[in-house]
Amino acid sequence: MINKLPGGNWTWICMKCRGGGAAPPSSRNRQGSVSVVEDATQDSTTPNNNAFVALKNEIKLLRESVTFCSDKVSDFEALLVDFKDYMKVTDKLVSENKELKSQVADLNSRLNTIEQYSRSNNLEIQGVTEKNNENLLNVVCTIAQHLDFNISESMIDYVHRVPTRKENGTKNIIVRLQYDVRVHVDSHSTRTVPVLI
Numbered sequence: 001m002i003n004k005l006p007g008g009n010w011t012w013i014c015m016k017c018r019g020g021g022a023a024p025p026s027s028r029n030r031q032g033s034v035s036v037v038e039d040a041t042q043d044s045t046t047p048n049n050n051a052f053v054a055l056k057n058e059i060k061l062l063r064e065s066v067t068f069c070s071d072k073v074s075d076f077e078a079l080l081v082d083f084k085d086y087m088k089v090t091d092k093l094v095s096e097n098k099e100l101k102s103q104v105a106d107l108n109s110r111l112n113t114i115e116q117y118s119r120s121n122n123l124e125i126q127g128v129t130e131k132n133n134e135n136l137l138n139v140v141c142t143i144a145q146h147l148d149f150n151i152s153e154s155m156i157d158y159v160h161r162v163p164t165r166k167e168n169g170t171k172n173i174i175v176r177l178q179y180d181v182r183v184h185v186d187s188h189s190t191r192t193v194p195v196l197i
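Under my numbering, the residues of the sequence shown are numbered 1 to 197, in order.
Derived by calculation from the structure, the hints in this document are not laboratory data. Incorrect hints may have been included.
Dumping the calculated DSS-like pairs for lysine-lysine here, alpha-carbon to alpha-carbon at most 30 Å [what the hints assert, rightly or not]:
#: 1; residue 1: K98; residue 2: K88
#: 2; residue 1: K131; residue 2: K166
#: 3; residue 1: K72; residue 2: K84
#: 4; residue 1: K98; residue 2: K84
#: 5; residue 1: K72; residue 2: K88
#: 6; residue 1: K84; residue 2: K60
#: 7; residue 1: K56; residue 2: K84
Just so we're clear, the structure is a prediction, and the values are computed from it rather than from any experiment.
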């Protein structure tokens, strides 16, 4: 029989000792009895203890899993913030790109207009045979005289031949005239007079 002693300690007393004839057990025997009872109690709770340890281990693993998942979610949230920032930058770059394309188209249009205007004073003369050491100013003035148009070298801004894609092809002559001279030349351009040089 197990009795609880004053002070909350448990002890075991055998039937013979409880009967009254024999002396009560010594404290040393009592301590031995307590250790035997504790061993018996532990043996009787071992399956429960094993289940408790297993449950503790599962809870520990679950906590580790939750921590791992939480860390992954935090990493994903950080990546999501970076991605949103990247998208903002990308949207800004797309907008700037559209604006720059519009500006380039506008500049190309202006450049084309300027080139057309600058070329409006140009004349292109085709089919004039190229000679060594030729003086193109004299050639242009001679052509103008054959067209009954007097032109001096001071009326010409520049004159040069332009390359051709054809091999052995005759290079055309480009003449840039002053504006008022060009207007006067245009009025004579409808005449078809053969020019021989």
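Which of the numbered hints above does this structure break?
Failing hints, ascending: 6, 7.
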